[in-house]
Every structure is written in C-alpha cells, then in structure tokens.
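Line by line, the protein sequences are chains A and B. Just so we're aligned: 159 in UniProt numbering is position 159 of the first sequence, and the numbers increase by one with no gaps anywhere. Just so we're aligned: 8 in UniProt numbering is position 8 of the second sequence, and the numbers increase by one with no gaps anywhere.
Incorrect hints may appear among the rest.
Quick partial rundown of chain B residues pointing at chain A, CB under 10 angstroms, derived from the structure [said to hold, decoys possible]:
1) LEU48
2) ASN211
3) MET267
4) GLY277
5) TRP278
6) ASN295
7) LEU297
8) PRO298
9) LEU302
What the simulated footprint calls covered on chain B by chain A, stretch by stretch (three residues with Cβ under 8 angstroms from a Cβ of chain A suffice, anywhere in the stretch; the number is not a length) [claimed, not checked]:
10) 39 to 46
11) 119 to 125
12) 279 to 291
13) 303 to 313
It is worth saying that the hints were derived from the structure and are not from the lab. The C-beta atom is built at its ideal place from N, Cα and C for all residues, glycine as well.
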Amino acid sequence: MFVAISLLLVIAFAMAWSAMPPQHSVAGAAAEPFRQAGRQLSDWYRIHIRQGLAEKTPDYEAASRRFLDADPQRGAELIVQYGCGACHDIPGIRAAQGTVGPDLHDFAQQSYVAGVLPNRPGDLTRWLLNPPAHSPATAMPDLGLKQDEARDIAAYLLGSEVRR
Amino acid sequence: MSGTSQSALGEFGVQSALAPEGAGATAINGLTIGMTIAFGVIFVLLVLFAWAVLAGRLAPRRWWIWAGGIALPLVSVLALVVVSTGILQKITREEPDALVIEVTGKQFWWDVLYDPEGWALRDANEIVIPKGRPVTFRLKSDNVIHSFWVPKLTGKMDMIPGRVNTLPVLATETGRFRGQCAEFCGLSHPKMAFEVVVLEPAEFDAWMQRNSGEARDAARSELLRGRDVFVEAGCPACHTIRGVADGGTLGPDLTRVGGRGSLGAGMWRMNQGTLAGWIADPSAMKPGAEMPSYNHLPGPDLRALSAYLASLK
Ligand SMILES: [Cu+2]
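This is chain A alone, in the form it adopts within the complex (with noise of 0.2 angstroms):
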C-alpha cells in the first residue's frame, strides 16, 4: 500500500512538473527563501563582526556603500549588462574573463585606477563616466553610464576584495 502511494505522488509531481512554465522551477522556489537568508546573514557578519574585530582586513562593501550611497548588488547587475566582462576578468560575475584590459580581482588594493586617478571611489566613478577623458590613448570606451551606474558598479569593484 504504502509503495502504491508513494509512487502515485511521485507521478503527480512529475506530471504537474513537466507542466510548469519553466520560470517556476520546484527546486529554485524552494531554494529562494534560503539562499536570500544566506545572503542576508553573511551580509550581517560582514558589517556587524568581521569589520569591527578586524581593522587589518576593512570591509569594503559596507564602506562604499556607506561612502557613496551606493548598491554594488546592483552594480553587479550592471556590470552584466554593459558586457565589461567582454573584457575585464571581475570577481563574482560569471562569464566575465576578458584579457583585454586588467583583471579586477583584488582591485581595491590598487593604489591607482588605470594609473592615472587616485584609487578612491569618486574617482573610480569618474574613470568610468569617461575614460578617454583621463587616459587619452585608452583603449577602454566611454560606455555611456549614468552618474548612479558608475557609483554602483565602482561599489562593487571596491567591494570586490572581500567577495573572493
């Protein structure tokens, strides 16, 4: 009896799967909720305990969103979007391993953007509103980002050191 019924849900479910418009995945709604308490928890670590034990180790993400106003999560979306990856290797950003210009990991211990700007995150905005602005002969384009796009992607890139 039991292996009648344990089979016949077996069945429904794979039926009402196979069903399913493919956005709605079982697996995926379930994960969702605990992958966004995930996220949140270590978000919290990292602002609330890693930064204050630690001075040696700043935690980035927390001091530009604190000094910029800014969302890296966003700047990450940002990031896919405008295609940097087409030429930039940058953490956490799947598909992005270009060769063309400098790799991004680690970028926040950079003392110079592009050699040419202080490392800070206003000036990191300002390189990339307009890089051939700085570096006339720079083969990186003006890709046409707004002010708040340029906040949030250089929070992310500042940030990138603590997302290894």
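Keeping the supplied structure of chain A fixed, place chain B with the ligand upon it in accordance with the hints.
Chain B with the ligand in isolation, oriented as in the chain A frame:
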C-alpha cells in the same frame, strides 16, 4: 530547469519548449502533455492492478496476457502513431506563399538571407519575422552539421552540408525568442545561439524597407574615423558593410550590426564595450571563433571602430 538564462546577457529572449509562441511548438507541447497524462494514467492503473494481484485480491486469468500484453500496447501505440503523425504532418506543411528565409549554419554563427529570389537581403545572427504570416526557413550548411532550434516556435531541424531542409514556422505572438544550435559542431557549439524577433506584419514590412539599403552614414568625426579604421584594418576581407565594403562573406554581415540585440551569435549584449572587446580578442569571448584578434589597434582607433559599428542600426 530555469528558463531565464543567467548568461552574460542578463534578460534575454527566453528559450523554452514548454511556453510555446508558435503554431508548431504549440502542437508539440500539446502532444507532450497529452502523452504524459495518458501514459501516466496507464501507469497508475497498472501499478494498482499489480498491487491487487500481489495482495491476493484478484486471481490471475489467462486472457490478461492477450488484453494487457497485446491488445493494450497495440491500441496505445497505434493511437500514438496516428496522433503524432498527424501533428508532424501539420507542423511540416509548407504554405506556397510563405516568406522564404535562407539560414546557413557557420562555425559558429548564422548567415541569414531574406527572400533569396526577391529582396535577397543579407543579415546575420538575428532573424526578424512577421507575426501571423507563414515563414519557411530554408536551412543549409557549408561546413559541418548544425541544427536549427527555436523551442518557442517549433521543433528542431538539422542543417546538413549539401542538402536543403525546410522548416515552416508560424509565429503567433510578437517578442524575442532565443534559438540555439542543437547539434554539436565544434569548440564553441554551446556559444552558437541567435534570436528570432517577431514583429507585427506592418512593422516587419517597414523593417525590411529600412534595412534593405546601404548602411547608415557616419555622422560624427569619430564615426568617420571608425569607418576608415574598418577599411584600413582589413575587416572587409571577411565582413560586408553595404555601401562601405562589399564582398566579404567569411564573417557575419555587419551592415546593421549595432541594431542586433546580441553580439557573437546570441552570446553578449550588443554595445560599444562588448564590440570593442570582441575586436580586440574574439577568441577570449568565443573559443575557436574564426576571426583574428585585433589587439594591435591603438586605443583610440579601437574606440572609434567600435563606436562606428555600434552606430550601424
Ligand atoms: Cu552547434
């Protein structure tokens, strides 16, 4: 099972046979669901039956062998053959007045020729079709076997060297639908996709009108510089930009490259940045792409060239 691909493109045409937007895909989806339900029911009945026998509630009979072993499979398989043959007939029937679009599979991109006997408008990597008007794809290959598959529109069809396969399509909804090469064809086979853009018929006619002429003129001095770099760097050996350089056929037609939704056959979002990255190092973005790297171009030239290509809409 996640339908929205988290590729470099972010939100990009969806590719799912379970959410059809074309006559063929709708029929195939109906068949799939019908079959799953019918055979699910048969399976459940069989399990219940076996359980009844094993639990001693039914005494076995000899005629069961005839009924369950011969009659039932015969009837169900026959029904399956009839229904699926009918659907196959329906979705492969060609309309005599359909718009013909010739698509040739390349490594690893798609050459597109609209109305070969009439307009003969050449494009690549993106196919624009009208909604509600029958279209016949004429599918070819001049290298290895590829397979042309737009799951939301209809079933797949192979592209075989030396043969011409036809695939009728009737789109029932406007939108952008992703397609994919479905037959292993080499190193970057997984990076050989494309988009089908379905427009209202009137919009489609306007689109054909607008795109059948020469490429858009370079309006600013940077764009003019970009056009010169295109010619000087030798790109016309492989690429055509109508009105600027004709004859190159080894690579995709670039006459309206900036107007396509994606770069590199459905792989990257089209913009100046990705274009510049592509020109400087195609094989980093697509291993095995048959285009040389132009990382020797000076920065300003690379920027001008990519700005020019992005302006070709
Ligand atoms: Cu392929």
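Now for the hints, and whether the structure bears them out:
| no. | hint | in the structure |
| --- | --- | --- |
| 1 | LEU48 | holds (7 angstroms) |
| 2 | ASN211 | violated (24 angstroms) |
| 3 | MET267 | holds (8 angstroms) |
| 4 | GLY277 | holds (3 angstroms) |
| 5 | TRP278 | holds (6 angstroms) |
| 6 | ASN295 | holds (7 angstroms) |
| 7 | LEU297 | holds (8 angstroms) |
| 8 | PRO298 | holds (7 angstroms) |
| 9 | LEU302 | holds (5 angstroms) |
| 10 | 39 to 46 | holds (count 3) |
| 11 | 119 to 125 | violated (count 0) |
| 12 | 279 to 291 | holds (count 4) |
| 13 | 303 to 313 | holds (count 3) |
This entry does not satisfy hints 2 and 11, going by the numbered hints stated previously.
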